[in-house]
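Colleague: If you're matching them up, the sequences are chains P and U in order. The letter at position 103 of the first sequence is residue 102 when you use numbering that gives the first Met the number 0, and the numbering goes up by one with no holes. The letter at position 8 of the second sequence is residue 7 when you use numbering that gives the first Met the number 0, and the numbering goes up by one with no holes.
No wet-lab data here; the hints were simulated from the structure. In this text, all values refer to a predicted model and were calculated from it rather than measured experimentally. Cβ coordinates follow ideal geometry from the N, Cα and C atoms, glycine included. Be aware that one or more of the hints could be misleading.
[To be verified] Here are some of the chain U residues that sit facing chain P, going by a computed Cβ distance under 7 Å: (1) TYR12; (2) GLY50; (3) ARG51; (4) VAL53; (5) PRO55; (6) TYR71; (7) SER72.
[Unchecked claim] Computed cross-link-like contacts, EDC-like style, restricted to lysine to aspartate or glutamate with a CA-CA straight-line distance of at most 16 Å: (8) P:LYS268 - P:ASP222; (9) P:LYS237 - U:GLU57; (10) P:LYS231 - U:GLU13.
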Amino acid sequence: MYGWTGNILRINLTTGAVKKETYTEEFARTWVGGRGFAVKILYDELKPGIDPLGPDNKFIVAVGPIAGIPAPNTGKTVVAAKSPLTGGYADGNLGTRITEHLRRCGYDVLIVEGRAAVPSYIALENDAVSILPAGEIWGQGTYATHDWIYKKYGRAAGVLSIGQAGETLSLFAVVRSLEGRAGGRPGMGAVMGSKNLKAIVAKGNKPIPQADPQGMKALGASDLKKVGEMDKKSGWSKQSTNGVLAWCNEVAALPVRNMRRTHHPDAWKVDGERLNNARVATYGCPNCTMRCGITIHDHEGHESELDYENIGMLGPNLEIFDLDQVASLNYMCDDYGFDTISAGGTLAFYADAIDRGHTTGTFAFGDAERAKELLRMASRREGVGNLIAQGSLRMARAFGHDSEKYAMQAKGLELAAYNCKFCPGMALAFGTAPIGGTHKESWVITYELNQTARDSYGPEKSAKVIELQRIRGGLFEMLTACRFPWVEIGWGLENYPIYFNKITGLNWTLDDFWKTSDRVYALIKLFWLREMPDIDRRFDYPPGIWFEPSNADTEGPIAGKFLERDKYDGLLQHFYDQRQWDRRGIPTRRLIQTLGLEAEAADAEKYGRLE
Amino acid sequence: MTVRVKLIGPLMYETGFSEKDLDVPAATTVEALLDLIAVPRQRPKIVTRNGRAVAPEEHLSDGDKIAVSPIYSGG
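Chain P on its own, in the form it takes in the complex (with noise of 0.2 Å):
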């Protein structure tokens, strides 16, 4: 077998017991890797219903066969585990050292299980491991883990941490790694926080096996150049992800002021151009040549990492429109190890709150000050700040009012910075997003602005939604490497299986990956079956919000419009047609057979029905 190692590394924190396993040709082709491989191993290995916080749940460090060996932009490593923000499956990626190391060791799979009696760190140095006390940077935020770490094994080492709020468990602490790179945002770091694990570092040097090492070491080293050389021509890291803030902007999509308003005259202040130019480093994956990470000193003179969704939801959607402060909240969400998205959107859900009269408390729209000293709260689950840690949807139930149809989550994970009052088709994206409220399965709303009449509710926007879930959530999180030289710039798709069937020797199509993506998409449906019995179509729905006429612009390109629920539900009755999902939203039985999932249903059936 080339390409994949075929080797899975567990690690059981509350025995201490190392194994090494090996999986065979046959998992590997069924489920290629990275989210592929993490849902099947959490299907079979977690029995539903136990607490994404206990010892049971397993934390999955995943790779694919791409990763790590140079090629545009194989750096990604996806973390996986049963989420303590949503009761689902969850998982997300990050650009990291690990990646590559994790392979070098000899595993495209980490498993990590049970409870470490102390603070602990897991360190893969080859065929060494060790779980080590971590005692000394325990309370300590990932800035300082990172050099810690650093200092023990050189800046070369691949590390995954968490910061106070893993420790602390808030329900959407991440993993962070390199300068601001961040991942699992369903509170993948509170799972690792739960086993008492504050980071794992790899350190490898044995070669990643490959069909054709010598073609594929000359062809990706010329596709880096090339991309680089695209990224280049066509502008885009200037600006990078926050190119599209001006946009949002423009066309009333823009998250202000808790989604409540579509755009903001002070937008300028925090868009792309403004970031550019106070620009003082930029950094980003590896293997990468058009490096996203736009970095600028914050309100206090530390160095931010900045893109998009973090300014989106930290700035316009808190009515902070200073750049710098904007940039502080953003490196406290850094080291904390809080999600800088459902940071932005909780705490926006708060002041919202506290407007309606539907909650007490000290925090205003615009008050960046007072929004620091809520993370910090959050991050130590002090006061406001234990609730703020667990999201908005939980925060709206201790509410009441009726207020959690405007906390602006799905599934439970607060939505991505695209304010979908009335945008069909990525409201539909945000609703099937398979992990919650996230925008990186099915970015669909450029193409639906430009592309499509706004106000259609089509089967042309269902499909289009599908086949970005194809790409998005399935090729390129099961390779894994980063969607943005396809996505930014244009670089081909038919690039990825070239690049997958000279590492492995298989001869795949892209056909052969989404029917791949189907069966993930599926079984991650069953997952949530499983957990909850009793979803139905209505757990696809966006915020209720969005179908209030009240809540309609007043002004502007959208003025008077705003999402008509009878249609959403044609449209999300579209998506499961093509998806040839049953009404509730579940797989049916005739697609499960197609996909060969017939073991896995029979599983399902014991706790929900299928059709």
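Use these hints to put chain U onto chain P, whose structure you have.
Modeller: Using the frame of chain P, we list chain U on its own:
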């Protein structure tokens, strides 16, 4: 007539400005405006007028705000 033109993302570095008012003849089309500010025709882009997508052949009106953006696809 006067129209407000906003260039988004890297287009502003190619054209040399990010936002300004331009005096253009009546009945100027979107395409003619893009030629005037030297946005290459072959460059993939999204053009909006007052926040809504607009076709190249459409005529501009006094006071319009035209935004020209690359086709962002991710984030």
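Colleague: Each hint should be assessed against the structure and marked as holding or not.
Modeller: Consistency of the hints with the structure:
A least Cβ separation of about 6 Å between U:TYR12 and chain P falls short of the 7 Å threshold, and the interface hint therefore holds. Nearest Cβ of chain P to the Cβ of U:GLY50: about 3 Å, under the 7 Å cut. The hint holds. Of the supplied interface hints, the one on U:ARG51 holds, with its beta-carbon coming within about 5 Å of a beta-carbon of chain P, less than 7 Å. At about 10 Å, the closest approach between the beta carbon of U:VAL53 and any beta carbon in chain P exceeds 7 Å, and the interface hint on this residue is violated.
A distance limit of 7 Å between C-beta atoms decides the matter here; for U:PRO55 the minimum to chain P is near 13 Å, and the interface restraint is violated. For the restraint placing U:TYR71 at the interface with chain P, the shortest Cβ-Cβ distance is roughly 4 Å, inside the 7 Å limit, so the hint holds. With a least beta-carbon distance of about 4 Å to chain P, the hint placing U:SER72 at the interface is held under the 7 Å criterion. Distance restraint check for P:LYS268 and P:ASP222: the Cα-Cα separation of roughly 36 Å exceeds the 16 Å cut-off, and the hinted pair is therefore not satisfied.
Taking the CA atoms of P:LYS237 and U:GLU57, the gap is near 31 Å; set against the 16 Å cutoff, the hint is violated. As the CA atoms of P:LYS231 and U:GLU13 are separated by approximately 12 Å, the hinted pair is consistent with the 16 Å bound.
Consistency with the previously given hints fails for numbers 4, 5, 8, 9, ordered from lowest to highest.
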